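J.: So you can see what is in the structure, the chains are spelled out below.
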Amino acid sequence: MNNATILVIDDEVQIRKLLQITLESNDYKVIQASTAKEGMITTASHPPDLILLDLGLPDDSGHHVLQQLRAWYTKPIIILSVQSSEEDIVKALDNGANDYLVKPFRTGELLARIRSAIRGNLSEENDPVIDCGSLQIDLLARIVKKNNEIIKLTTTEYTLLCMLVKNEGKVLTHHYLLREVWGPGYINQSQYLRVFIAQLRKKIEDDANRPVHIVTESGVGYRFTAT
Amino acid sequence: MATLINRISKPRQYLYSILLLTLVASGCYLFSAYIDYRVVAFLLLLVVSVTAVLFDILPVLITAALSALTWNFFFIPPHFTFRIDNTEDMVLFLMYFVIALVNAALTYKIRKMQKESLAKEEKANTIKLYNTLLNSLSHELRTPIATIVGATDNLQNFNSKLSDTNRNELVHEISKASFRLNQQVENLLNMSRLESGFIQPKKDWCDMVELLYETVKSIEENTGVKKISIQVDQNIPLFKLDKGMMEQVIYNLLYNATLYTPQHAAISISARCHADVLKIVVEDNGPGFPPEEINNVFDKFYRLKNTQAGGTGLGLSIVKGFTEAHKGKIFLENADTGGARFTINIPAETSYLNNLKNE
Chain X
1 MNNATILVID DEVQIRKLLQ ITLESNDYKV IQASTAKEGM ITTASHPPDL
51 ILLDLGLPDD SGHHVLQQLR AWYTKPIIIL SVQSSEEDIV KALDNGANDY
101 LVKPFRTGEL LARIRSAIRG NLSEENDPVI DCGSLQIDLL ARIVKKNNEI
151 IKLTTTEYTL LCMLVKNEGK VLTHHYLLRE VWGPGYINQS QYLRVFIAQL
201 RKKIEDDANR PVHIVTESGV GYRFTAT
Chain C
228 MATLINRISK PRQYLYSILL LTLVASGCYL FSAYIDYRVV AFLLLLVVSV
278 TAVLFDILPV LITAALSALT WNFFFIPPHF TFRIDNTEDM VLFLMYFVIA
328 LVNAALTYKI RKMQKESLAK EEKANTIKLY NTLLNSLSHE LRTPIATIVG
378 ATDNLQNFNS KLSDTNRNEL VHEISKASFR LNQQVENLLN MSRLESGFIQ
428 PKKDWCDMVE LLYETVKSIE ENTGVKKISI QVDQNIPLFK LDKGMMEQVI
478 YNLLYNATLY TPQHAAISIS ARCHADVLKI VVEDNGPGFP PEEINNVFDK
528 FYRLKNTQAG GTGLGLSIVK GFTEAHKGKI FLENADTGGA RFTINIPAET
578 SYLNNLKNE
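Those protein sequences? They're chains X and C, same order as listed.
Note that my numbering has the first sequence beginning at 1, numbered continuously upward.
Note that my numbering has the second sequence beginning at 228, numbered continuously upward.
Pulled out of the complex, with its shape left as it was, chain X reads as follows (with noise of 0.2 Å):
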C-alpha cells in the first residue's frame, strides 16, 4: 500500500540508481532529478510524497535549495549528505528538513527514516496513548509506565521525553530541544541536555548503557524509537 511517490535530487548517477532499484522494489514510485533547477521544477509539476535531496548539488548549494522548496513545499524532505559534516546537517535539519543520511547509508536506515517521515507525514493520530513495548506514555493523564508500573518524572524530564516521543523515528537537534524545553536563552547550555538525556535513560531504558529509545545522533541531536 506504498506507492508514495519520492523525488530524488541527486547528481551522482550511481546513487541514483542504487536509490532506485531499492526504493521501487519497496514499492515506491522514484522520480529523479539531476540537478537543482530539475529538482525545483520536478518538485513543482508533480509534487511528490517525499524528497531525497543530495547537499552536494553542481548548480546550487543543497542549503538554498532546500530554502527554497520550504517555502511551499510542506511534506518531508529527507537529505543525503557526505561523511563528518554535522555543521551541515544541523542546518539543514534547522531550514526545515525532516531528517538526514549520511553516505555510505545502509539500505535499512534509508527505509526506516522514509517510513518514519511519510507516517509522521500522514497521520496526526488523535490517541493519547504512545505505546512502545514496554514502554507507555499517557500524554492526557501525564503519566509514563514502564512494564506496566508508573515512573515517577520530574516536569523537565517529562516535557523532553514528550517531544521526543511526538517526532518519534525523527531527529531533533540539540539547539532545537534546548530551545524548546528550557527556553531560548539556554541554546547554548547543552550541558542541561546531556544531564537530562541520561537520567531520563536511566528512568526509561533497560540498560540506560545501551539505550534503544534514545538514540543519539553524534554531534546532530537525539531520536526516539519505538521498537
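Among the clues, some could well be false.
Label pairs and their calculated CB-CB ranges [claimed, not checked]:
| # | chain 1 | residue 1 | chain 2 | residue 2 | range |
| --- | --- | --- | --- | --- | --- |
| 1 | X | T107 | C | A346 | 48 to 56 Å |
| 2 | X | T35 | C | Q341 | 32 to 40 Å |
| 3 | C | T353 | X | D11 | 32 to 40 Å |
By construction, these hints were calculated from the structure, which means they are not laboratory data.
If you're wondering where the values come from, they're calculated on a predicted model, not measured in any experiment.
The beta carbon of each residue, even a glycine, is placed where N, CA and C say it ideally should be.
Using the hints provided, position chain C relative to the given structure of chain X.
T.: Just chain C now, with coordinates in the frame of chain X:
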C-alpha cells in the same frame, strides 16, 4: 644550533657582534701595555671568525670592516688617528682588512652550503615518506577495490555456475571490502585535516559514559569482536571536548587492539577524572609492542615490522594528532602482563552538573 641562531633577529645580530667587538677591543686596549698591537690583530680576527660562524653575512662584513678600523684607530701607532706612518703597518692593515673580509665571506659560504645539503637531505626524507605513503595507500586501497572488482566479475559472468554459498560469500566480501575502503578514506581525510595545520577542536559538553559505550558498540558492529570491557564511573563529570575527535581517538585505539591481538585476548577501556584532566586507558593482554619500536608507533605511516596487512599506519598518528589538538598527551607502554597499554591525559573543563539536584 643553526636554528637557534636563525631565531636571533637581524638588529640583534648587529648589536651582539658590535658588542663582542667592543668588549674584546676594550680588553685589549686595557692591556695594550702588555700586548703587542700585532697580537691584537689576531684577537680581533678571532672575533670576526666567531661572528661569521654565528651570524648573517651583513653583520659579519660590518664587524670585519669595523674591526679593521678599530685596530687602526686604537692600536696602530700613532694612536687615535686613522693615519699610518710605517709602511710595514700599512701593509699589515691592508692585509688585515682583506683577510677579515675573506674570512667572513668564506665562513658564510660554507654555512650556506651546509644548509643546502641539509635541505637536500630533508627533501630526500620527504620523498621517502611519500613513497611509503604511495606504497601503503596503493596496497590498502587497491586490495579492497580488487576484491570488489573480482567479486562482481564473478557474479556477472559465472552467476549460473556459482553455488549459493559461494555467491553469498562473494557478496559478503564486497560488503567487507567496501567497509574497509570507507575506513581508509576516513583515515586519509582525518590525516589531511591534521596536515592542513588548522585543526580546531569544536568543544562541547560530552557524556563520557555515553561516548565510551557508543564507540565500543560501533567497534562491535563493524568488527564483530565482542570482548571489550568498559570501566567508567557513572558519575564522572561532563567534559568539554570535541566529541567527534574523541570518538575517533577511542575508535582507532580499540580498532587497533582488535586488529593486532589474538582472538581470545581481552581488551579494556577506562575513563577517569583527575582534577580537570581526563585520563583514558586502553589496555589489552595481547603480545604488546616490541620495546625498540614503541617510540615509533605514533609516526605517520609507521608500521611494525612483520605485521599482517590491514592498516595504513595512519590510525595511531591520527590518535596522537587529535589528542594533541586538545593539548593532551598520549603514551604507550607494555603492561606488566605483557599487553599494550595506551594512556591519554587531556586537560579539559568539567561540569559536575549531574550531581546537582534537578527540580
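J.: Using the Cβ atoms, figure out if T35/X sits within 32 to 40 Å of Q341/C.
T.: violated (59 Å)
J.: 32 to 40 Å was suggested as the range; check whether the CB atoms of T353/C and D11/X agree with it.
T.: Cβ of T353/C to Cβ of D11/X: about 37 Å, so the range 32 to 40 Å holds.
J.: Given the hint of 48 to 56 Å, is the C-beta distance from T107/X to A346/C inside that range or not?
T.: Given range 48 to 56 Å: holds, Cβ gap about 53 Å.
Hint compliance for this structure: hint 2 alone is broken.
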